[in-house]
Amino acid sequence: MAAQEEINTWGSKSWTYVSSLRQQSPLIQCITNLVSMDLMANTLLAAGASPAMIHSILEIPDFTPHTQAVLINVGTLTPEWLPAMKAAGGLANQLGKPWVLDPAAVGASSFRLKACLELIELKPTVIRGNGSEIISLSMASIGSTKGADSLHESSDAVEAAKSLAKSSGAIVGVSGSVDFVTDGQRVVGAHNGLPMMQKITASGCAVTALIAAFVAIDPTRPFEATASAFSVFSLAGEIGMGLAKGPASLRMHLVDSLHGLDQETVLERVKITSFS
Amino acid sequence: MAAQEEINTWGSKSWTYVSSLRQQSPLIQCITNLVSMDLMANTLLAAGASPAMIHSILEIPDFTPHTQAVLINVGTLTPEWLPAMKAAGGLANQLGKPWVLDPAAVGASSFRLKACLELIELKPTVIRGNGSEIISLSMASIGSTKGADSLHESSDAVEAAKSLAKSSGAIVGVSGSVDFVTDGQRVVGAHNGLPMMQKITASGCAVTALIAAFVAIDPTRPFEATASAFSVFSLAGEIGMGLAKGPASLRMHLVDSLHGLDQETVLERVKITSFS
Amino acid sequence: MAAQEEINTWGSKSWTYVSSLRQQSPLIQCITNLVSMDLMANTLLAAGASPAMIHSILEIPDFTPHTQAVLINVGTLTPEWLPAMKAAGGLANQLGKPWVLDPAAVGASSFRLKACLELIELKPTVIRGNGSEIISLSMASIGSTKGADSLHESSDAVEAAKSLAKSSGAIVGVSGSVDFVTDGQRVVGAHNGLPMMQKITASGCAVTALIAAFVAIDPTRPFEATASAFSVFSLAGEIGMGLAKGPASLRMHLVDSLHGLDQETVLERVKITSFS
Chain A
1 MAAQEEINTW GSKSWTYVSS LRQQSPLIQC ITNLVSMDLM ANTLLAAGAS PAMIHSILEI
61 PDFTPHTQAV LINVGTLTPE WLPAMKAAGG LANQLGKPWV LDPAAVGASS FRLKACLELI
121 ELKPTVIRGN GSEIISLSMA SIGSTKGADS LHESSDAVEA AKSLAKSSGA IVGVSGSVDF
181 VTDGQRVVGA HNGLPMMQKI TASGCAVTAL IAAFVAIDPT RPFEATASAF SVFSLAGEIG
241 MGLAKGPASL RMHLVDSLHG LDQETVLERV KITSFS
Chain B
277 MAAQEEINTW GSKSWTYVSS LRQQSPLIQC ITNLVSMDLM ANTLLAAGAS PAMIHSILEI
337 PDFTPHTQAV LINVGTLTPE WLPAMKAAGG LANQLGKPWV LDPAAVGASS FRLKACLELI
397 ELKPTVIRGN GSEIISLSMA SIGSTKGADS LHESSDAVEA AKSLAKSSGA IVGVSGSVDF
457 VTDGQRVVGA HNGLPMMQKI TASGCAVTAL IAAFVAIDPT RPFEATASAF SVFSLAGEIG
517 MGLAKGPASL RMHLVDSLHG LDQETVLERV KITSFS
Chain C
553 MAAQEEINTW GSKSWTYVSS LRQQSPLIQC ITNLVSMDLM ANTLLAAGAS PAMIHSILEI
613 PDFTPHTQAV LINVGTLTPE WLPAMKAAGG LANQLGKPWV LDPAAVGASS FRLKACLELI
673 ELKPTVIRGN GSEIISLSMA SIGSTKGADS LHESSDAVEA AKSLAKSSGA IVGVSGSVDF
733 VTDGQRVVGA HNGLPMMQKI TASGCAVTAL IAAFVAIDPT RPFEATASAF SVFSLAGEIG
793 MGLAKGPASL RMHLVDSLHG LDQETVLERV KITSFS
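Protein chains in written order, with my numbering: chain A, 1 to 276; chain B, 277 to 552; chain C, 553 to 828.
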């Protein structure tokens, strides 16, 4: 009975994010990797946000103050892009705007790991990665990643995530067959989703963007925003899977479904439960 | 009766562009933003053109002379890309080739505004933007844009567009629920389209690319090419919408429909009318 | 009868690649052009590989040793990207890892031609291009290309391909209405495919990525891997075409079909024949 009530509360929270996003259409600045730009922008548009892929360091002083949230993703990081990421993250922090870090493939190199650790010093509101990425960040070591794909189930990374949340002050979200969210104390799991979503490139990047959009709606509750975004995005995948014949059509139907989500479906099907 | 004849004339003009593009397959060099490359190239291929996303300044002297038109889009501008844009626009102008400017999100920063004003000095044949972008350019001021999305209806921008057309010598096209085209004196409106197209990232970039391809077919009539491209692209969207379930499937069906457009449909459904 | 047996042998070889790729999921590092990243990553994921679009020169010493193959594609080459391409190709060669070169639009400029000739000195395992690209490389001359699209049928390029294979030591694959593969002596043709695949941007880039993934499965047989990858990718296109209404839906159904290919279909429909 308690569990049932909890599910209903999360469904209602999630629907508030979905409907508010459609009404308010916050401006989300994305400094992201070259692979994900198209899916990320289309995900944000379908969900009702206004994406802006603006990454030149020269534009940050003029543009970032007008945004409602900033997303930084290091998936195709080069030394040329890092200063703009730091400038945008730092300015967001200074202005009290939420910003979200996606440490994509952080274990791929010491360069990338060092860059992510420096970005974390700029106080991201949320950090979202897969199990391997969160373990790499928490241990500050490389080699536990396989490119963009995870070698670890998300549940293996729960302790690493709690530790990273405590040390960084960020909400930490871990993608996997169950997505976990923690603030260092509380842990919730978002149980929506399906394995084929891992066959869509940049689906992790896209959910991070949706987290940024949800956090923009209510910057005071990033824990709730992160869990809701995980569940809503995966629910759109579940619905899309009903029409899909493989990963490419799933990608299309997921974005369509995100655009078309209605209150009844969100209330009924969002599945977020407490773990601690 | 006059209006009916006019519609028929535009339908016939538009079909000439569509069919000539399929026959001649002009080579269109695109120096564009990182978000739009995939949709832009696929739009050009579907319409019958041959796109080339070649943006290194080192290649412009060898490659640009072989193209039939050049497209420049500043959507993810950085200082590193600007010299190549200027070189390509300048060389196109010098060689008498048409070139088209998309001042994407020009109001986002003073850096971007200055870059666009410098590019306009290189005499683009056509400038295509949304209402906010054209107003920013015309007033040479920033802040009237919301990232890539417009805060203004295209009709608000008609006077700004006429002014920009006169000062620049370019045909100016303004995207919106009705798309407008002006040479500073004449104004026509292209009435095809549907609101969901604004939920597809880079749809504005893609129509600018189609304008470049149509202008390549007959560089002496950029006004007609721009109005026809607006209407044909939006008509493909209207047809695609019949099969779509949301923005991602609309994007797919739009490109398919552009590839499959037939004469009868273009003659019947292109809706371009005079406004002055 | 001999031909029939040969077809059956190639079907069986091709199926071995498909099924091994799904089981082993090799890590493929892609340093590729900005247009192709999304389709290339999704093609590799659909086929069972693990793509990593990691292109910073700083990351190559840490990351490239963990990969099973490297792909380098010069489609949007700039001077800033070339050193990383050389470092990755050179390190792959030094470590005995297979690497595959896609000389996209090599005839577009002397800069691009020189870069490709320098990359070939680093001993790629396979070179895959269209007819115009292979002729440009073989003659070391520019101007025989039209952007990314070919002006030559692949059959025109067979002698150029043999010559390039002999001089470079690489297997050379030539895309066209029939795809050819040669080691300088043997030539086989892969007869699957359909014309509309040329209306999908980056479809050539995607097949090169699949070649890299197949070569990763058995680095000692790049000739077989290249022919099989051509045929399997085109077969996925043939199956996808049954559901497609144009180039954009073909692209989607191709990726879905690649993901879903079964043994019976591969054995029956792969068509590779000997030419010398």
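Keep in mind the hints are simulated off the structure, nothing from the lab.
Keep in mind that a hint or two might mislead.
Label pairs and their computed distance ranges (CB to CB) [unchecked claim]:
1) Glu80(A) to Pro617(C): 51 to 59 Å
2) Leu647(C) to Pro83(A): 46 to 54 Å
3) His66(A) to Leu470(B): 50 to 58 Å
4) Leu393(B) to Pro631(C): 25 to 33 Å
5) Met691(C) to Gln300(B): 24 to 32 Å
6) Ser417(B) to Lys123(A): 29 to 37 Å
7) Gln23(A) to Leu470(B): 27 to 35 Å
8) Glu394(B) to Pro631(C): 19 to 27 Å
9) Gln24(A) to Phe551(B): 46 to 54 Å
10) Met691(C) to Gly536(B): 50 to 58 Å
11) Ser386(B) to Gly169(A): 31 to 39 Å
12) Gly260(A) to Leu647(C): 47 to 55 Å
13) His467(B) to Pro631(C): 44 to 52 Å
None of these values were measured; they are calculated from a predicted model.
Here a beta-carbon is modelled for each residue, glycine too, at the ideal position from N, C-alpha and C.
* Confirm or reject the claim that Ser386(B) and Gly169(A) have a C-beta distance inside 31 to 39 Å. => Cβ of Ser386(B) to Cβ of Gly169(A): about 34 Å, so the range 31 to 39 Å holds.
* To do: Return holds or violated for the Cβ distance of Leu393(B) and Pro631(C) against the range 25 to 33 Å.
  => holds, 28 Å
* **CB-CB spacing for Pro631(C) and Glu394(B) relative to the 19 to 27 Å hint** => Given about 23 Å between the Cβ atoms, the range holds.
* How does the Cβ-Cβ distance of His467(B) and Pro631(C) compare with 44 to 52 Å: does it lie in that range? -> Given a distance of about 46 Å, which is inside 44 to 52 Å, the answer is holds.
* Taking the CB of Gln23(A) and the CB of Leu470(B), does the distance hold inside 27 to 35 Å? -> violated, 21 Å
* Supplied distance hint 46 to 54 Å, evaluated on CB atoms of Leu647(C) and Pro83(A) -> violated, 32 Å
* Is 47 to 55 Å right for how far apart the beta carbons of Gly260(A) and Leu647(C) are? -> holds, 49 Å
* Is 46 to 54 Å right for how far apart the beta carbons of Gln24(A) and Phe551(B) are? -> Hint violated: Cβ distance 34 Å, outside 46 to 54 Å.
* Given the range 51 to 59 Å, decide if the beta-carbon distance of Glu80(A) to Pro617(C) lies inside it. => Violated, at about 24 Å.
* Asked: Is it true that the C-beta distance of His66(A) to Leu470(B) lies inside 50 to 58 Å, as the hint says?
  -> violated, 28 Å
* Is it true that the C-beta distance of Met691(C) to Gln300(B) lies inside 24 to 32 Å, as the hint says? -> Given about 27 Å between the Cβ atoms, the range holds.
* Take the C-beta atom of Ser417(B) and the C-beta atom of Lys123(A), compute their distance, and say whether it sits inside 29 to 37 Å. => Roughly 33 Å apart at Cβ, these two residues keep to the hinted range, so it holds.
Hints 1, 2, 3, 7, 9, 10 from the earlier list are contradicted by this structure; the remaining hints agree with it.
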